[in-house]
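J.: As a plain string of letters, each chain reads:
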Amino acid sequence: MKRIGVVDTTFARVDMARYGIDALQAAGTGFRISRATVPGIKDLPVAVRRQFQEGADLCLAFGMPGKAEYDRVCAHEASTGLIFAGVLESKPVVECFVFEDEAASPKELETLARRRAEEHAVNAFHLLFRPQELARRAATGQRQGFADVGAVRPHR
Amino acid sequence: MKRIGVVDTTFARVDMARYGIDALQAAGTGFRISRATVPGIKDLPVAVRRQFQEGADLCLAFGMPGKAEYDRVCAHEASTGLIFAGVLESKPVVECFVFEDEAASPKELETLARRRAEEHAVNAFHLLFRPQELARRAATGQRQGFADVGAVRPHR
Amino acid sequence: MKRIGVVDTTFARVDMARYGIDALQAAGTGFRISRATVPGIKDLPVAVRRQFQEGADLCLAFGMPGKAEYDRVCAHEASTGLIFAGVLESKPVVECFVFEDEAASPKELETLARRRAEEHAVNAFHLLFRPQELARRAATGQRQGFADVGAVRPHR
Amino acid sequence: MKRIGVVDTTFARVDMARYGIDALQAAGTGFRISRATVPGIKDLPVAVRRQFQEGADLCLAFGMPGKAEYDRVCAHEASTGLIFAGVLESKPVVECFVFEDEAASPKELETLARRRAEEHAVNAFHLLFRPQELARRAATGQRQGFADVGAVRPHR
Amino acid sequence: MKRIGVVDTTFARVDMARYGIDALQAAGTGFRISRATVPGIKDLPVAVRRQFQEGADLCLAFGMPGKAEYDRVCAHEASTGLIFAGVLESKPVVECFVFEDEAASPKELETLARRRAEEHAVNAFHLLFRPQELARRAATGQRQGFADVGAVRPHR
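Protein chains in written order, with numbering that gives the first Met the number 0: chain A, 0 to 155; chain B, 0 to 155; chain C, 0 to 155; chain D, 0 to 155; chain E, 0 to 155.
Since the hints were derived computationally from the structure, they do not count as laboratory data. Cβ atoms here follow ideal geometry from the backbone N, Cα and C, with glycine treated the same way. There may be inaccurate statements among the hints.
[What the hints assert, rightly or not] Output of the computed footprint for chain C on chain A, the stretches with three or more beta carbons under 8 Å from beta carbons of chain C: (1) 6-15; (2) 92-105; (3) 115-127.
[Said to hold, decoys possible] Computed far set for chain B versus chain A, every beta-carbon distance over 12 Å: (4) I32; (5) H75; (6) S78; (7) F83; (8) V93; (9) A102; (10) A123; (11) F128.
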């Protein structure tokens, strides 16, 4: 039985962790989920490392940075910390961030965040259980939350 | 008995650590506080790690960067260091920074800093003693020092 | 028998890993390849460290950041993580990134990505098996994917 | 007997280390000083770690970045490295940097650098021997090299 | 017998490592040199750590970033990695980078790169064998590759 850590924030405005967990459970079985909520994205790296130390095999980290320039800096610090935590533990951290200004309206934001959360959750499932699914999609221009852009085909 | 490290700076202009400690003590019991003051925000990461090595289970780090562009760089370095210290120790570091130019007047600055310190302190209390309180507020658009923005509700 | 880890992403639009592997195999023998595909470039550092822990002597990391400003930030985070993973393990990580806006058309993008992948793969081969080939080209203005710019000759 | 490492550069234009050492010695006793000079600010993090490994309890790191944009990048890298070294060793690193363009004339630069060096040296002394002096000044708007800005008082 | 690691790139356009080695050998004896060439500056941190693990007491790292904005980002990543490697190993890494756009012509570039390489090599020699030479030049406004700017003298 694998274990997937799901960490999210009280700062976010869309319950991406819930959508992610639903997508994980729709994707298959063989894992249990351990969820933790922290205040903001800068708290995610520590939460992720703690999940790993409590036995998680992979973590999904959900966050929704705000619209200000400073939020971009925080997101950069959080991402750097998530990569650091993952490399230290040698375990995958699937980061799913949606910037509030990626969408033009609350409705669009909700749709984008839900889709991205679901697609990253499926990626997480594949990383743990079906790496061949990722291998099959190598370099095919996959996007999460938006339409895939597709591969650029070799020309002859 | 848990231990909470509270670190702050002589550089800051509002005694956020005092407000934070008052809010911690209003929030509940079961912990003792260990406080240390350092000159500036770049000194916080080492102070935090020392607190952890002396037994702290969580640290609250208060700082107030100035208005210059260079202060933003220092804040970025300090935040990166705080995340690094937290991940190394696998213990939560609740960062509470107020940028001097977030407020238009000294009075506003004082109010903002007090509220943010109090709300981050409550977050710290929840992280240690009542994680279910954070879980309950997952993705509800919580903000510290400003009004919460609230969740974006799913549309049907 | 040496082992070369090849990691790439589903996000990329050109199958650089394939071109890289072909170039490795054309370059010589004495190694086997272990390939892993992850969703995006930020997942590469963990994948690389895992390859090293499973026995890789060198990793080739392929990625294709998009055109947005945010993609540059992600690439920076990924590169920082790749260097961190390499230094931690003391093993070479040959990063091969192509930014989507380096090329004016899909056709150009494909050509650029193929050439850069092939040339970085040859570099990887030399790092492992023929360091004297790199020594011979020291400071000769080598470029990957574009024409070499050449050395600036001493003037007398 | 405590030990204070003082590291500085040949790049700087004002002998801040000398001013710092004088201020340390005026502040009190109970320590000996170990000084090392390196070429530039990027060499400070390694010099600091070496001081710690040779027994220093705290380091003072003096640097004077130049006026170019690139100098700001170097200062950022150096600061990040100093924080990294301090956190790794769990020992305080008091960074004292003066940017050459903080002052309008050589005379001003000299005055600023001397005052900042002296005030950071006193901070270092307090960190090691009189933490209560820092605690007493918590959140009082202390500045090094310029006039203190003072606390913002709570309003009633 | 000390050991000095000299690492450089095939990307650079001027053979700074050669000039550096000549300057080291002119400076004195008591060391042997171990040289490695890697493709680009981002490969230097791993090469440096490997040199240290094979016995180097100090490393000289030569690189020549190109003119594009992206080259500045790569140089920043490389520098951060070099500092990280040096701090991890507690051994000095003398970084000698020349940006291609620091010079207005190939001739100027060659002259600048040669002088900077030579002067950094002498610094490296002093770090290992004559630290008192660096101490004597503390805060005297030394520059590498350009004329020294000199100390700002105290005014009375």
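J.: If I take the minimum Cβ distance from B:A102 to any residue of chain A, is it greater than 12 Å?
T.: 14 Å, holds
J.: Checking the smallest CB distance to chain A, is B:I32 really beyond 12 Å?
T.: 19 Å, holds
J.: Mind checking, does the region 92-105 of chain A have 3 or more residues with a CB under 8 Å from chain C?
T.: holds (count 4)
J.: Quick one: work out the minimum CB distance from B:F128 to chain A and report holds if it exceeds 12 Å, violated otherwise.
T.: B:F128 clear of chain A: closest Cβ-Cβ about 14 Å, beyond 12 Å.
J.: Verify that the Cβ of B:S78 lies farther than 12 Å from every Cβ atom of chain A, and report whether the claim holds or is violated.
T.: 5 Å, violated
J.: Tell me whether the statement that chain C covers the region 115-127 of chain A is true, taking a Cβ distance below 8 Å and needing three residues at minimum.
T.: Satisfied; 3 residues make the cut.
J.: Quick one: work out the minimum CB distance from B:A123 to chain A and report holds if it exceeds 12 Å, violated otherwise.
T.: 9 Å, violated
J.: Since B:F83 was said not to touch the interface, does its Cβ keep a gap of more than 12 Å from each Cβ of chain A?
T.: 7 Å, violated
J.: Please verify that the nearest CB of chain A lies beyond 12 Å from B:H75's CB.
T.: The claim is violated: B:H75 sits with its nearest Cβ about 6 Å from chain A, within 12 Å.
J.: Counting residues of the region 6-15 of chain A that have a beta-carbon nearer than 8 Å to any beta-carbon of chain C, does the count reach 3?
T.: Result for this restraint: violated, n = 0.
J.: So B:V93 supposedly isn't at the interface. Is its beta-carbon more than 12 Å from every beta-carbon in chain A?
T.: Not fine: 7 Å to the nearest Cβ puts B:V93 too close to chain A.
Against the hints set out earlier in the document, violations occur for numbers 1, 5, 6, 7, 8, 10.
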